[in-house]
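Undergrad: For reference, the chains in residue letters:
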Amino acid sequence: MKLTVWTYEGPPHVGAMRVATGMKKLHYVLHAPQGDTYADLLFTMIERRDHRPPVTYTTFQARDLGADTAGLFKQACQDAYDRFQPEAIIVGASCTAELIQDDPGGLAETMGLPIPVIPLELPSYQRKENFGADETFFQLVKHLVKPQAKTDRVSCNIIGPTALGFRHRDDVAEITNLLFELGIEVNVTAPMGATPSDIAQMGKAHFNVLLYPETGETAARHCEKEFDQPYTKIVPIGAGATHDFITEVRALSGSTAPLDSQALRQTWWSRSVDSTYLTGKRVFIFGDGTHVKAAARIARDEMGFEVAGLGCYNREYARDIRTIAKEFGVEALITDDYLSVEKTIEALQPEMILGTQMERHIGKRLGIPCAVISAPVHVQDFPARYSPQMGFEGANVIFDTWIHPLVMGLEEHLLHMFREDFEFNDAAGPSHHGGHQPSGIASVQLQVPVAEEQPSVLNTGGDVAIWLAEAEKELKKIPFFVRGKARRNTETYATSQGLLEISVDTLYEAKAFYAR
Amino acid sequence: MTEHMSPPPATGCRASPVLKQRGQREVFCGLTGIIWLHRKIQDAFFLVVGSRTCAHLLQSAAGVMIFAEPRFGTAILEEADLAGLKDAQAELDRTVEELLARRPDIRQLFLVGSCPSEVIKLDLNRAAERLTQTYAPKVRVLEYSGSGIETTFTQGEDACLAAMVPVLPATDERELIVVGALPDVVEDQMVALLSNLGIGPLRILPARTIEDELAVGPNTVFALTQPFLGDTHAALIRRGARHIAAPFPFGEEGSTAWLSAIADEFNIPREVFDRVTEAPRRRARQAISQAAAPLNDKSVFFFPDSQLEIPLARFLTRECGMTALEVGSPYIHDALHGPDLDLLPTGPQISEGQDVDLQLDRCRAAHPDLTVCGLGLANPLEAEGFATKWAIELVFTPVHFYEQAGDLAALFARPLRRKSILKVAAE
Chain A
60 MKLTVWTYEG PPHVGAMRVA TGMKKLHYVL HAPQGDTYAD LLFTMIERRD HRPPVTYTTF
120 QARDLGADTA GLFKQACQDA YDRFQPEAII VGASCTAELI QDDPGGLAET MGLPIPVIPL
180 ELPSYQRKEN FGADETFFQL VKHLVKPQAK TDRVSCNIIG PTALGFRHRD DVAEITNLLF
240 ELGIEVNVTA PMGATPSDIA QMGKAHFNVL LYPETGETAA RHCEKEFDQP YTKIVPIGAG
300 ATHDFITEVR ALSGSTAPLD SQALRQTWWS RSVDSTYLTG KRVFIFGDGT HVKAAARIAR
360 DEMGFEVAGL GCYNREYARD IRTIAKEFGV EALITDDYLS VEKTIEALQP EMILGTQMER
420 HIGKRLGIPC AVISAPVHVQ DFPARYSPQM GFEGANVIFD TWIHPLVMGL EEHLLHMFRE
480 DFEFNDAAGP SHHGGHQPSG IASVQLQVPV AEEQPSVLNT GGDVAIWLAE AEKELKKIPF
540 FVRGKARRNT ETYATSQGLL EISVDTLYEA KAFYAR
Chain B
172 MTEHMSPPPA TGCRASPVLK QRGQREVFCG LTGIIWLHRK IQDAFFLVVG SRTCAHLLQS
232 AAGVMIFAEP RFGTAILEEA DLAGLKDAQA ELDRTVEELL ARRPDIRQLF LVGSCPSEVI
292 KLDLNRAAER LTQTYAPKVR VLEYSGSGIE TTFTQGEDAC LAAMVPVLPA TDERELIVVG
352 ALPDVVEDQM VALLSNLGIG PLRILPARTI EDELAVGPNT VFALTQPFLG DTHAALIRRG
412 ARHIAAPFPF GEEGSTAWLS AIADEFNIPR EVFDRVTEAP RRRARQAISQ AAAPLNDKSV
472 FFFPDSQLEI PLARFLTREC GMTALEVGSP YIHDALHGPD LDLLPTGPQI SEGQDVDLQL
532 DRCRAAHPDL TVCGLGLANP LEAEGFATKW AIELVFTPVH FYEQAGDLAA LFARPLRRKS
592 ILKVAAE
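In the order they appear, the protein sequences are chains A and B. According to the working numbering, the first sequence is numbered sequentially starting from 60. According to the working numbering, the second sequence is numbered sequentially starting from 172.
In isolation and in its complexed conformation, chain B is listed as follows (with noise of 0.2 Å):
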């Protein structure tokens, strides 16, 4: 299976010294997640239990209205619920008792904690026991924190996921659960290759509804597709289930290395892994090379946004020809990240945490073609004559496995393409 892999490199960055800062950061806080969550799990409702502030971040972040009417929403923490006035658990009975008289098709209610529900400490835990005892068995409720002093950006969806973990029924077959929220397209492609591999019964993690089924126990083995979700490694792991490491499925050499770490567990003979994936391989490596010819020779530099960095520098550097200068990740995660660091090679600064500051002016003296980041930086540095590629459409843009690692080299590509195109110089 290695034939068209280059080898491992002889010391990759899982032992490279890694730059910790503290200060100001540039990055989301978990209740963003919500954004796709919301999506994916078809029968559920997020509750922000929060400020203004939360709802106005919803709304940003999701661009002003593209949802007609979204299965998210903010309670409000106003003037007299703060003062003690009013019972805030009681006020968040109201709320819920109105929000799901107008949804009465939601069957999920995530409660989900932010900033100033935390700091008041307003116990969601007892009102989301309350109000599943209130409402089963029609709605099951659920609580998690999605505050940005617990959680960056896509933290929100391991919140998310590891809250459910709890409450999935045991098991003692033994079954795959692959864990992470993907495009429904994308999903459909996996599920597709591990069942012509043979591999069986297979549960995913977020479900679509809270009918399929889904439990876990000692006989589970599960896989992760997203690099951020450490706490659901975790509770997992509590709950008697047992990981799979292997490198992230992004590019043609990570989807093979994930599957093949799969594949060895459910000791699925090679010749049936290679012919069930010998077309999909080449086809990811066509369009890869087709994809990733402006990245050939080109150096990036990532700010840490999305934990979907090191994986990500791992295939742009061994698949598109990139040299990786700093690779800034929100958390660096050993039993999640590590499988990735080994295939990095080393030189990059791999750096952990932000201050935002401090990193602008690495960038700067580093001088990359291209740089990962959030939006809040994306246009400043532009101007600066950077190229840059927003760090926030790796996340909403389907980029896993063969027949989208094409893709994902040309979401990188673009923006040295755009530049190369444009006649118009900057002023």
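Here chain A stands alone, though its shape is the one from the complex (with noise of 0.2 Å):
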């Protein structure tokens, strides 16, 4: 048993429907209490899809446990069959379903229905929704694809994309257009868009595009080993991904098609002088493998942050994210606690979150500004611009998209220099967000800054110094958004110089310390 406030990941079956509503003219009959059409509202609010998933939940009740479950699964196999007329058919069960084990690949099978019927076995109760959406996707594959010939002009399939991604729609778009212009057919796109007959075309592409490893990798190894298909390994977000992703398709293509990169801004943007003020903050990142490893080369090469730590919540991806780790000199955490995610911002004090929801609620709690790179998705997740995570395009949203949550240059050095102006100060929160106070609530709220709801920091125990009142005022005056890394700097400090008490010059001297 394990005790769990906020999930990053739904169960598997979850998973299974990000495939099948994901695609067209594919059903995939769950057997599953009624509660478990909650699932739906993911899809149709969240992602504000304006149709119903292509799931039929078989809805058993506790009466009918003593009597014929697999009588009611047979039954709604059938009549999702007849009025839905799918091309094929996925089986399975949701949590409740697989401890009644009444095998819903087995009993489909005996219907003979004169469409493929696919079975999957989703363990709910180890495993989690990527692993259900890898492993779906992968038995479709495995079902449907044959061995074929390969297209004439050289083409590649687009995997891993399926609903509820975070902007897969868009990613799609941008490397779709990018692969146009190095002269590359995309001849499918699975799972997202296609249809079970698309899917069983897969063969004759020349190699594979892999965008999304966590939920695409098991197939892409599944096509290189049975029909010689060679993946892409890198993703291309971020400005040097991109390129490097573009090396290695031309190397897997051969194609020489020369490539215009002046919708690439990101770059410039990053190198204008109005971006030093990046220089160095320290950021904190923490989401599904694949786009942290991508955040965190952005976040050092592209942005000039210090990684002050990262992690993953997909176990699948904990070696990985343990190497860039090491490469970063950080320490890696793989948790899907989110509990034990706050404790570590809280102990980190980044000056920013590159997280999940998740994490920007956890930024909201402790005054942190936060960015969100990744999955879990939430109704904003789901823009109506184009705002892909991929490709030139892409670097250039995240580059917006990580700075919006900041107090910007010169703003950050006007709050340094004025910082008890009654109107204009750290407070308030960054002026271009909404949120200002009218100035009659600010001054009065001045007194009690948001950071300071937590008095208890200021002594955590034993092994801290005391903060004399004259160098507690002196950190009050220290901008929001810097004021958790000076006092921890100080703290630790003090404790490294062995001091009891911090007084104003301590306090500098650990600023001078730690200067850079």
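Worth flagging that the hints you see were computed from the coordinates, not collected in a lab. For every residue, glycine included, the Cβ atom is placed at its ideal position computed from N, Cα and C. One should not assume that every hint holds.
Cross-link-like lysine-lysine pairs, in silico, DSS-like; alpha carbons within 30 Å at most [to be verified]:
id : chain 1 : residue 1 : chain 2 : residue 2
1  : A       : K544      : A       : K532
2  : A       : K209      : A       : K83
3  : A       : K423      : B       : K211
4  : B       : K292      : A       : K133
5  : A       : K402      : A       : K84
6  : A       : K292      : A       : K209
7  : A       : K133      : A       : K385
8  : A       : K61       : B       : K257
9  : A       : K402      : B       : K257
10 : A       : K402      : B       : K292
11 : A       : K402      : A       : K292
12 : B       : K309      : A       : K61
13 : A       : K61       : B       : K211
14 : A       : K133      : B       : K191
15 : A       : K402      : B       : K309
16 : A       : K61       : B       : K292
17 : B       : K292      : B       : K309
To spell it out: a stretch of chain A is covered by chain B in this simulated footprint if at least three of its residues, at any positions, have a beta carbon under 8 Å from a beta carbon of chain B; those stretches are [claimed, not checked]:
id : region
18 : 63-72
19 : 88-99
20 : 113-121
21 : 151-158
22 : 184-190
Join the two chains into one complex using the hints; note that each chain is given alone, in its own frame.
TA: Structural data, given as structure tokens:
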């Protein structure tokens, strides 16, 4: 038993739903009790889909348990076939149905439906959502794709995108366009947008572009082995990774077509002097393995940030993330426990978080700005505008997204200079964000800045020096977005010097010690 | 008191044939009630004993992360628990210890059963008894089922309240208990109305904290504010209490009928009743007439969701000028829904349970002006050109009693108003 407050991933059958809902003419018959239909709203509300997910839930109840749940399953399967006329059906069990062991795969097989019926084994009590998506797509490929003659012109499949993916819609458009400019045709994009008969054509491609290893890697490996299709290992998130991806694709395809990278503004935006204030900002990165890997590289090499810590919630990528962490000289945090992520962030006191919607919330609580880089998704992660993470435009979008939560260059200086201005003060947050209090209220609230709500931090234990009143007052003059770091640095410095008390001098000694 | 009211219909829907279908249901399970109960009962923690799916449901239904540290969590069953490698009861003890250590403010702990915990027959009753002994007197531990194989959406609140009834102290006092979790502001209004009528002592289930006085016995009478409290109704009757049957307090008519039934029970003179209710009744009528204009002469189709459907259909047809085409409810309970069915004019198809695909076919054929349905169906129906009202908002918004009657009408009117003002057509 594991006590959980919030989860980063849903159960594996939700992963299977992401595959089925992204596709067309595929139906998923899920042996499940009525409550499991909540999952429909993930797609209809969060992603704003205008169709119901193609899922039939068998809806068994307590009184059915002693009776014929298997018959119920077969009836649901037949009804789904008759009503929706899909090209293929996937069948499986949710967590509860797994316990009653009706064997949906075996039952469906005996029905003799005239279409492929693909059984899914998704162990609900061991694995999670990404595994469910990856395994489902792999089973579809394994059952539907046969070796075929390759297309005359060089072509590839784009694999990995699903429904409810973090910016998958726009990433696919961006990369399809990039491949087109390189003279490479996209044979099939799957699972998102594909029908089972499209998937059956995947064998014709010369190679595969794997955009999301979390949801497509097992299928990619299978295709490499069975159909002689190598696949791309670099995920084109960020300017550097996009250039490396292009090199990799050229090597796989032989393309020498010239590529216009004028649309890539991010590199100049980052070099332009206005961005100087970004230098050395300490960031903490957390999300799925693939997005964290990409974000770490962008943070260090393309934004000039200092990576203070990183981690991922999907254990499948623990090894990759540990390798990166070593390279960056930080500890990797591999956990799906929201509370331990919060604890780590509290201890590291970064100036910014690059995380998921969960970390955005942690940031709100701790007064640390946060930009979202990865699933789990929220309705805000499905913007109406074109907003990819991949390719050149993706790099531009990421630059804008990451600097948006921050207090910008000159404003940061002004806050240092006039920190007690009654209208323009650090408790009010960045001026380009809403939520400014009317000046009358602000001047009152100035006495209790947000970050001061937890005075216990001032004296956290026996090994921390005590702040003298004058030093504490001086600390409050430091803007909120660096105050946490200043406090921590000063305490660390005081401890290292064996000091029992922190004076104003100690504060500035520490500042000089940590100057960069 | 009936001067402003339409007379009851010659024949209501109480005797109408009910269409019962069995198929896929598009509803939440009872765990969902935790989303509002954990705010309502301020010293309680709800620990779901279930799977990752349960945790994911709570998180998704709540909208990711609206509460910093929620007073609910899930003890997720793992492979070792199922394979019998670990003693589930011992695991539960360990989890509860971990939880109570982190939340010393908790006075009531609800162990909430789920589909998996019921299928593996994990005895939460035994666990609750044992844990109560361990943590008494500081923490009281109760258990109920919110599982999707037993409960639909709002039945979770019913199961929770019903679990509290057997442990209530006994009393011989003549007292009124009002049953149902209401938003605090609405509860305060209701308390004011009843005390202005001179009715009391008044107790409320669920109480906001364990310290609030609440007892039950043969001289207790009780009224329900929510139409989904069938088990709690039965549990109170088992303790000797008597139910005051009434239409539910939605709209001016429902609120008046509800208060009037209680006033009659307590022999409150008619002139007192009229004096206390006159001003709020006038305000409610005025607010409804302003808010309900877009609803007049429009038709409505209810998919089953919260069991609020029958009282709401009564409100929309009798106070807002709508015509009901189908009124679907997950369960229909005559003792609870009868008074509202009596007032609902015959005509609509009353349906209980669901086969969602067949019901969607009926909805498309009926082509209602407004469809009330769950979140999974709303956008797909909008995309087909139907105006929809998400049913869950009716459970999450203050809608009971006089001062909210206009807001309730406005909730239904807003989708129609929106449809009429948007100039950019759907493709």
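Undergrad: Give a verdict on every hint.
TA: Tested hints:
no. : hint            : in the structure
1   : A:K544 x A:K532 : holds, 16 Å
2   : A:K209 x A:K83  : holds, 24 Å
3   : A:K423 x B:K211 : holds, 24 Å
4   : B:K292 x A:K133 : holds, 26 Å
5   : A:K402 x A:K84  : violated, 45 Å
6   : A:K292 x A:K209 : holds, 21 Å
7   : A:K133 x A:K385 : violated, 52 Å
8   : A:K61 x B:K257  : holds, 12 Å
9   : A:K402 x B:K257 : holds, 29 Å
10  : A:K402 x B:K292 : violated, 36 Å
11  : A:K402 x A:K292 : violated, 33 Å
12  : B:K309 x A:K61  : holds, 24 Å
13  : A:K61 x B:K211  : holds, 26 Å
14  : A:K133 x B:K191 : holds, 21 Å
15  : A:K402 x B:K309 : holds, 28 Å
16  : A:K61 x B:K292  : holds, 19 Å
17  : B:K292 x B:K309 : holds, 28 Å
18  : 63-72           : holds (count 8)
19  : 88-99           : holds (count 8)
20  : 113-121         : holds (count 7)
21  : 151-158         : holds (count 4)
22  : 184-190         : holds (count 3)
In the structure shown, a violation is registered for the earlier hints numbered 5, 7, 10 and 11, in ascending order.
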